[in-house]
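Peer 1: As you go down the protein sequences, you meet chains A and B in turn.
Taking this note's numbering, the leading residue of the first sequence gets -15, the next gets one more, and so forth.
Taking this note's numbering, the leading residue of the second sequence gets 120, the next gets one more, and so forth.
Just so you know, these hints were derived from the structure itself, not from any lab.
All figures in this text were calculated on a predicted structure; none of them were measured in a lab.
You may find that some hints are simply not true.
As the list claims (entries may be wrong) - Here are the computed lysine-lysine pairs in the BS3-like style, where the Cα-Cα straight-line distance is at most 27 Å:
# : chain 1 : residue 1 : chain 2 : residue 2
1 : A       : Lys274    : A       : Lys254
2 : A       : Lys104    : B       : Lys415
3 : B       : Lys422    : A       : Lys104
4 : A       : Lys274    : A       : Lys233
5 : A       : Lys274    : A       : Lys263
As the list claims (entries may be wrong) - Rough simulated footprint, nothing fancy, chain B against chain A, three-plus residues with beta-carbon under 8 Å:
# : stretch
6 : 88 to 98
7 : 111 to 118
For glycine and all other residues, C-beta sits at the position ideal for the given N, C-alpha and C.
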Amino acid sequence: MNEALLNDNRLAVLDHSRLRAKAGKPGVERGRISVRDVDIVFDTPTGSHSAVQSANLTVQPGEFVCLLGPSGCGKSTLMNSIAGFVPPTRGDVTVDSEAVTEPGPDRGMVFQQHSLFPWKTVRENVAFGPLMAGVGQNEANSVARTFLSLVGLAAFENAYPNTLSGGMQQRVGIARALANYPSVLLMDEPFGALDAQTRIMMQENLLEIWREFHNTVVFVTHDIDEAVFLSDRIVVMSASPGRIIADIKVDLPRPREQSLLTSPSFMALKRQCLDLIRKETLNAFQQQNKAG
Amino acid sequence: MDNHSNAARLTEPMEETDDSPAVEKIIQKEATMAPPMAEKPSETSRLPARIWMKTIGARYLVRIMALIVAVVLWELASRNGFHFYINFDNIPAPSVVGTALVAELAGQEFYLHILHSLERVAIAYVLAVVVGIILGVAMGRSRWAEDIILPYIELLRPIPAVAWIPLAILMLPTEQSSIIFITFLGALFPVILNTVHGVEQTSSVLVRAARSLGASRTAILWHVVLPGAMPSIVAGLAIGMGVAWFSLLAGEIISGQYGIGYYTWNSYTLIQYPQIIIGMLTIGGLGTLCTLLVRKGCNPLLKWQAKGGRS
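Extracted from the complex, chain A is given alone in its bound form (with noise of 0.2 Å):
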């Protein structure tokens, strides 16, 4: 993509900020999110399963936060509780002071795969949250290219999803997720099933939207690099029970290339990552088996 082109977007995106107004208050900063307390409990045939332990995570408006965490550990099961897909069965979960109870608009969600639909086109799949919010078909289209434009998929608008790359569609996901102005993006892990390099790519790529719009992100991930890369801070998790078990900020300067994966500031956060993460789950062991 040429810059004269991107430029465009850019201008196109900020013809659409009166929609951005109108998704919340002017001048009261949108998308603090706050867990406090929380356990969550799955009832399986084999008794009750503990995914999340007595959680408490507050993330500021405009903050990039990575759960990161080995699978399984509950990250995904935190951030679920987040989008309000599971209820919490202890404590309290609420965005911009309003108790989370259910999905909505307002929590963005991008998946880690298959989660297009199929038999809409790009464009409609983009369109289909300002469609589901009363915006008129026309508008709602307009509002689709827009942020197609913004992630570099403009020329794909007619393709249908199984016919485009899996970074191509995990665009156009974020695209849709974007699309109704959410205060906070919820992303479970959504560059996972991506090849390493078109995994960096597509980081450096959610950057410079994020960069645009600056909203609050959530972003479960197992990859310390990525965790790295991408964050303001990083949450760690520990499995079984999930708790969270570090909470690191990542003062890297901004904007962040491919080229900060091999600096020396860097490196020396991921070892501090690794360190901790270490330190903490030698910790969590030797409690369990001081309870076993």
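Once you have looked at the hints, place chain B on chain A.
Peer 2: Chain B alone, transformed into the frame defined by chain A:
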């Protein structure tokens, strides 16, 4: 993407080459073209004629030859009165059937029979599709609906259409309504069961995606559940059309004054043997044609599938 470092540019992976105008153009062209499903047959015709003759043409030639062999054998058997366990004495030869067919096509009566059958199938089929899809969606979406309706289906489905004839005559006011009822029952079950199957396979990720985009329950049904179930529903519609014809024939043989089934059976009682065969072939032809029309008619609903899975 304007501020990629040069290093990033160099390592740009293949997958992301959609930035390059050439590739973009090609894929865009592909995407804006007519539904690839419709494109598929023309793919074969795009082959050079010589190769087409060698591969696909040759295979069709063999198929046609196989049919011709059977017709020739039949002609010989009928003319020579072949009688060895199977009796061809009273079976008219293909040439005789052909002559009779020409005569039928010249008259009006034959078309009237076809029209009556088509009318019954149309009414019964439309009813079956509407009722079947509504019940199927209800069963697929609600456990209550499934528990109430499923016992009836399990009980009634194994009963063949012919077995319904006496009851249909006793219960319904006219012969026409009895025949339509029997046809309706035949088409109903495949439509219901395939709809249930399709609806129950709704992807939970897509439902969650729709909910997080602000979709209501109705919107989810309309935008997620129904389109997702469509491949299965279309299969049910095609099977239902076939079964509708079987059932119609059963009804028409016993009662009715017109209809292609009546025509066939009546020809037997009137000892018009060539007409029996004309009736049989017409029934088969109409059934196949209607099933084909259903499939073709539903193609636009499934065009999104073209490149991925196959229906």
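Peer 1: Confirm or reject each hint.
Peer 2: Each hint, compared with the structure:
| no. | hint | verdict |
| --- | --- | --- |
| 1 | A:Lys274 - A:Lys254 | violated, 30 Å |
| 2 | A:Lys104 - B:Lys415 | holds, 20 Å |
| 3 | B:Lys422 - A:Lys104 | holds, 10 Å |
| 4 | A:Lys274 - A:Lys233 | violated, 31 Å |
| 5 | A:Lys274 - A:Lys263 | holds, 17 Å |
| 6 | 88 to 98 | holds (count 7) |
| 7 | 111 to 118 | holds (count 4) |
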